[in-house]
Amino acid sequence: MAGSAEIVLGPDELADLAIGCAVLGAGGGGDPRTGLLMALQAIDEHGPVRLVSYDDLPGDGIVMPCGGVGAPTVSIEKLGNSDEGRRLRNRVEHLLDRPVVALMSAEIGGTNGLLPTAWASTLGLPVLDADGMGRAFPEMQQVSMHVAGISPNPCVLTDERGNTLVVETIGGRWVERVVRALAVELGARASVAVYVLTVEQARTATVSGTVTLARRIGALLRAAEADPVAELVNELAGFRLVRGKIVDVERRTTGGFARGSALVEGLGADAGRTLRLEIQNENLVALEEGRVLASVPDIITVLDDESGTAVTTERLRYGQRVSVIALPCHPIWRSDRGLAVAGPRMFGYDFDYQAVEELHATAA
Amino acid sequence: MVAAIDLVRTPGLEGVRLVAGPPRGVSVASAIVVERAIDVASAPEGAMCLLTAVASQLEGYQLDMCLRAAASARTAAVALYAQDTEALPRSARQIADKGAVALLAVPNTIDPGSFCVAVQRAIDGDASLTLARLERLNEQLAGLDPATPPEAIAALASEILEGHVRLASPSPEADEFAPDVIVVGGRPLHRVEADGTWARLASALCASAAARRIEAVRRSEEAPIRSRAGVLTEILLGERGNLTAVAGRARELGIPVDGWHVATQIVIAGQPARRARDVAAAHALREEVFHLALRASRTFGSGNWDGAQVRSSIVLVCTQRMDPGLRATAETIRIVERVLDRLRSRWPELRFVAGVGGPHEGVEGLQASAAEADAAASAGRSHAQCRGVFGFDAVGLRRMLLAWSSSAPARQAVDDLLAPLDRLGGAKTETAVQTLAVYLSERGSLVRAGARLHLHRNAVAYRIRRIAALLDADLDDPDDRFALELACRARLILGVGAHGSS
Numbered sequence: 330m331a332g333s334a335e336i337v338l339g340p341d342e343l344a345d346l347a348i349g350c351a352v353l354g355a356g357g358g359g360d361p362r363t364g365l366l367m368a369l370q371a372i373d374e375h376g377p378v379r380l381v382s383y384d385d386l387p388g389d390g391i392v393m394p395c396g397g398v399g400a401p402t403v404s405i406e407k408l409g410n411s412d413e414g415r416r417l418r419n420r421v422e423h424l425l426d427r428p429v430v431a432l433m434s435a436e437i438g439g440t441n442g443l444l445p446t447a448w449a450s451t452l453g454l455p456v457l458d459a460d461g462m463g464r465a466f467p468e469m470q471q472v473s474m475h476v477a478g479i480s481p482n483p484c485v486l487t488d489e490r491g492n493t494l495v496v497e498t499i500g501g502r503w504v505e506r507v508v509r510a511l512a513v514e515l516g517a518r519a520s521v522a523v524y525v526l527t528v529e530q531a532r533t534a535t536v537s538g539t540v541t542l543a544r545r546i547g548a549l550l551r552a553a554e555a556d557p558v559a560e561l562v563n564e565l566a567g568f569r570l571v572r573g574k575i576v577d578v579e580r581r582t583t584g585g586f587a588r589g590s591a592l593v594e595g596l597g598a599d600a601g602r603t604l605r606l607e608i609q610n611e612n613l614v615a616l617e618e619g620r621v622l623a624s625v626p627d628i629i630t631v632l633d634d635e636s637g638t639a640v641t642t643e644r645l646r647y648g649q650r651v652s653v654i655a656l657p658c659h660p661i662w663r664s665d666r667g668l669a670v671a672g673p674r675m676f677g678y679d680f681d682y683q684a685v686e687e688l689h690a691t692a693a
Numbered sequence: 005m006v007a008a009i010d011l012v013r014t015p016g017l018e019g020v021r022l023v024a025g026p027p028r029g030v031s032v033a034s035a036i037v038v039e040r041a042i043d044v045a046s047a048p049e050g051a052m053c054l055l056t057a058v059a060s061q062l063e064g065y066q067l068d069m070c071l072r073a074a075a076s077a078r079t080a081a082v083a084l085y086a087q088d089t090e091a092l093p094r095s096a097r098q099i100a101d102k103g104a105v106a107l108l109a110v111p112n113t114i115d116p117g118s119f120c121v122a123v124q125r126a127i128d129g130d131a132s133l134t135l136a137r138l139e140r141l142n143e144q145l146a147g148l149d150p151a152t153p154p155e156a157i158a159a160l161a162s163e164i165l166e167g168h169v170r171l172a173s174p175s176p177e178a179d180e181f182a183p184d185v186i187v188v189g190g191r192p193l194h195r196v197e198a199d200g201t202w203a204r205l206a207s208a209l210c211a212s213a214a215a216r217r218i219e220a221v222r223r224s225e226e227a228p229i230r231s232r233a234g235v236l237t238e239i240l241l242g243e244r245g246n247l248t249a250v251a252g253r254a255r256e257l258g259i260p261v262d263g264w265h266v267a268t269q270i271v272i273a274g275q276p277a278r279r280a281r282d283v284a285a286a287h288a289l290r291e292e293v294f295h296l297a298l299r300a301s302r303t304f305g306s307g308n309w310d311g312a313q314v315r316s317s318i319v320l321v322c323t324q325r326m327d328p329g330l331r332a333t334a335e336t337i338r339i340v341e342r343v344l345d346r347l348r349s350r351w352p353e354l355r356f357v358a359g360v361g362g363p364h365e366g367v368e369g370l371q372a373s374a375a376e377a378d379a380a381a382s383a384g385r386s387h388a389q390c391r392g393v394f395g396f397d398a399v400g401l402r403r404m405l406l407a408w409s410s411s412a413p414a415r416q417a418v419d420d421l422l423a424p425l426d427r428l429g430g431a432k433t434e435t436a437v438q439t440l441a442v443y444l445s446e447r448g449s450l451v452r453a454g455a456r457l458h459l460h461r462n463a464v465a466y467r468i469r470r471i472a473a474l475l476d477a478d479l480d481d482p483d484d485r486f487a488l489e490l491a492c493r494a495r496l497i498l499g500v501g502a503h504g505s506s
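Quick note, the sequences are listed as chains A and B, same order.
The opening position of the first sequence corresponds to residue 330 in this note's numbering, with each subsequent residue numbered one higher.
The opening position of the second sequence corresponds to residue 5 in this note's numbering, with each subsequent residue numbered one higher.
Bound-form chain B, shown alone (with noise of 0.2 Å):
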């Protein structure tokens, strides 16, 4: 049996109104088809009594009596073909309260027969009736805005589904492609949790239904991020003078290029080396990396935000209409760590180091501000923790090497200086400048510089010898130590080898 309330919420039956009778007091046990309203005198106890459209035009004192013969005969409810149900008379809704007989309200859209059958499976409450559900609730979730979130679709579930359908975080160990969890770029975000025997597929249609709208949403916002990040990109990596025709478009793209800009550059420090070779998988990482670096910006700091993918780093700028003053770098530094935490929440197994340059105005202030985050990101690649956020120091060495380094010939220089490193190759390369860099400025010092390396003073003589022996530089001629020197630390400055190593 199933309650008259709950027949209005059966597929089959949108549009049935409940008009007058009690909702929950009234268990319907079979549906029939009456032609003449007198028929539901005799009709079964419990039955819910259709009258056909013929038979539903009444007079309002022949719906009374009908209702009454309902009532003496423990007819659990009557329907009846009503367009309008405030015309059906205040003494037949009186009647059907007191006699205990739901009325019911049918809209013309629904014929005898399917009226009947969809009771009956109500009553029996079949799998058939669950198919049905799931097959509305599949209907409704195509037919959603691409903008509604999970828990609405969750929502949405529990009132077709008449059961709980709720969302839950993840569990730790969730695996991306189980059916019931709302995973997005590979991410698991919730889980849809539901109660009955239907749980397992409705939780599916949720799911997909929830990932497919919230990818599409990111999608959407990301279009044009893309389309402002390929034009920075543009202008950091092009020629000074050369940056009219790409200023033009970042303009039309409304990037204020104009105005004051302070860059932060973000390196992804630390990766497995597994993932590292992997090409694809890096670039989804940064892609990743990318977008949330530059949705926390724009939560955390005032301004505009605008972020790009330079080479292997994420380069965030942040554009104010006027000069932010000498506090601007402090104040990114405070911004920037802020970003880094919900990076570290978000990757815990990464390290991440980020450099933040000073304020500078205009197309060509950007790349400036842009080169001194780089370089303030390559020293902190250098500091001992390698992590956090290191600002452009203004006044001093880096200030002068970055001028003097961001020649051609000076690059060139040191390219030739370091060309038998560069051999070595990849990381081979970076741990060489590196112990040759801490080791000369540590004058020398095997003990110091391999407090720094984290190596035993042996194993840093060892090193010395062999970079030595490749460069074939005597490391006691001042000269040759800083030549070397000033090449290794523009090398770490710059960020970048030769051969376009990370």
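So here's chain A without its partners, still in its complex pose (with noise of 0.2 Å):
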């Protein structure tokens, strides 16, 4: 079986990844940096963690997409016990009756990017170079193996105290309904397996080198000198939306999700511009003058305009400068099923999709 060379993923892989994970999370995922300790003490203990691609794995093999489901607020302090990966691979193997040969990020953004990689260490397992979204979304059907015809079952939960809760539905929704529920029960955040899929099906039902990805990105806004954010968007082909300052931030709780919107006021080249962003968790739309800019699910993305460090929803603020950059998405959201799992339609925006290079080119 041919296979890359072997990537291995210890204290440097894992701050670079961190850094990366926070931009490809839009905005949304909760902050990486709870993962990255969880992961670096794991390695500490346990060993570094191989990075590996489908080539690695036999065909049959089993991939585990995991991570944390609930509030990422709540993920700041209920750490959990670190052996919550640990049986949710046990639960599977049960259930599969076939071993788990690799676990996968169900969600390369935010901190959902470094759990598996902390939960691999414990069990001595490979990560595999992909996700489930290439970004951060919601709701637990917004992933790619969903997009894909992946079943979601058996869907496996389990919390720090050692509950342990299987879950069978008829899909689509009906998986996030559920297990949100159970999360909640479970104090408002919980440790998930679903959409469980073999290699061989992750060679087309998964976003693939994100993890390299996520690297790719923290290496380079932790090397970039003069405009990380510039870099950033040359290298990923990206676009830069506006450079300025927040100059007003609403939030709001609705359907029990934070919605809200920020804007921000162009600065230097971008002065007498004004952008606005619509949030729901993530950055999901950003308009300028009524005119779309980007929309989901190109991954809309707000940095620190010094650092090129990712601002999260939650901690936008008044006052602070920053440089809004739209990434686009994986093709596969680009479907028409895709749209319809993660469109702006799906996400109550009444307007249709149109990617961000046909925007910018249109703008052009």
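These are calculated hints, taken from the structure and not from any lab test.
The model shown is predicted, which means the values in this text are computed figures rather than measured ones.
Careful: at least some of the hints might be erroneous.
As the list claims (entries may be wrong) - With the C-beta cut set under 7 Å, the calculated list includes, among others, these residues of chain A facing chain B: (1) ILE499; (2) ASP577; (3) VAL578; (4) GLY589; (5) SER590; (6) ASP599; (7) THR603; (8) ARG605; (9) GLU607.
Glycine included, every Cβ here is placed at the ideal spot set by N, Cα and C.
With the hints as a guide, bring both chains together as one complex.
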């Protein structure tokens, strides 16, 4: 079996990974710092983790997409006991009667981009260089596996106390509804394995290379000197939407989700421009004078203008000097089924998706 | 077309606010109701698009997109139902400003149909809008405070009618029945001027509202004056020793009857005979003179001023707590001279004579000062020019004559002696008594008497012959002459004849 050179995720790699996960989180997914600390502790205790590709694994091997579910703010205090990954793996293997050969981030964006690494270290398993979103999304069915038709069952849920639940639903949004409710009962934060699939299935049902991508983003931002944002945008074929200052932040809770908006007033070359960000856990839409500049499923991220550090939606504050960038999403999200799962209309916006490249080609 | 900013002042659109957008740079050509925000994109150019209440429930980005679409479609304005304009997003305001789209907030009290009708009416600028504005002006005028001055009424009309409404001086030939003239008490005070086709109607509304308010204020001011004047008249005409009750009432009304009083009597002389015979007109004139004189005295003088009408004269009383001293009469004369100037400027065709008494204390002192003022006024009337202010001479013949003539037997003796002249009646009596008094005071000199009376000596001789015949008196007899001269002087000092003629 052909394989790439072995990549090991150690402390340096994890530092880059954390930065990159924050950028790919599109403002959501929670602060990766929590997952970073867990991963660092794990590799300190159990050793570094191998990063593998599909070719490095047996085709019928089981890949276990996993991560945390619930309120990211709760995860800052409710850290877990590091054994969750083991319980998830054990139950999955029991249910499927087959070994799990690798863990995978269900969501590369935010802290969930690092949790599987922490668990993988504990279990001595590798992490697949892929994830289920290529970014962060708020709902569990908003994964590439669902778009690809993979069943969410069995879904295993566990908490720091040792409660372990197996959920089987008819699929679709039911897994989100049921698991979300269970997570609330478990203390608003739990660990989950869902949309378990074979390596062969993963080739077409996952967003490939996102761990490497996140590391690359982190390394670039850590090494950048003059304008890290510009370097990042160039590297990723993205777009800087505006460079300016946050002048208004409005938040409200609607339907259990944190919604809101932020206004960024352009500075320097962007003076006179005002960008409006629509937020629902993640940054979902960027508009200027009523014209859409970028929208979900493309990745819209707010970066600190000096350091390039990603600013999550809950940390947006008046007066921050930021750059708002947009990165193209994985093509799977631009399909009809992908847009039905994670397009603007799915989030309640009454306009159709247009790729960020097209929008900026029009503007040019 | 009409500018968006002007719409917010249109009748029927009360409460509509312009939130953003260029106030004067947007002209509205039509009004439509849209049920979906996106329909704004297909609105006709220059339209005012009102979003229904449901359509108005927009997320922030939706309003941004709506306004952008409106700007692209060259829509003049977007109006939405919004109670809290502060909650409208900043980004939307910026789009409205940049895109030259007026953003209006409409209160829930205006339904879409009424809104469109009002906007269309403003656009068309037809008679119905004019009438609506006048109706609104009428409503506002009806709700004004009674003390609202005419200037404020003109300003209100200017604002509602969006024109120029102002006050001007009435022309000399101003007709008191002209609808645009503010007439109070039959006297034109101001003329209301306005521009525009609705000018005459607006002027009439404003003039009527202003006049009613001025009259109401004066009535409320004059009511207590009338009560006080009535009590004061009772005191002045009351009998000495029988003033306890009326003095008590005076104190209750706040009239300082226990202080030091200086009285002034003002007589209207030289009225045209026609007006003098018209009792109602004479009374109305006296009322006006009384109120103006009292106001003027309070303006020019210090101390407490009250007034009353006694018979056909006006009595003003200045009261102070302490004895004002011997200079009081002279100081009062200066004040009354200014009062008469005010009266003359108002009624240049009339002559006014005033007499000022000396300072006296208490209720009976009030009577005494008034009697002195009466005597002084009478002396003034016998003066050649019969105008001006005359002070009571505290030392002299008049005091003695006043003291003698104030007794009932003396009055009766005077009346008996002059009875034949009194039977002539009215002005003839007054002329006869005055002619006889002057002739006798000039020691029978026809020339000097003629000079004082502005008559030829032959005319004086003719009158004296007739008078002597009526009185059946020998004017060469010194006793007859003295008695007649005393009687004439007493009659002139008292001011009224036996039969009440003035």
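Now for the hints, and whether the structure bears them out:
no.	hint	result
1	ILE499	violated (32 Å)
2	ASP577	holds (6 Å)
3	VAL578	violated (11 Å)
4	GLY589	violated (9 Å)
5	SER590	holds (5 Å)
6	ASP599	violated (14 Å)
7	THR603	holds (6 Å)
8	ARG605	holds (5 Å)
9	GLU607	holds (5 Å)
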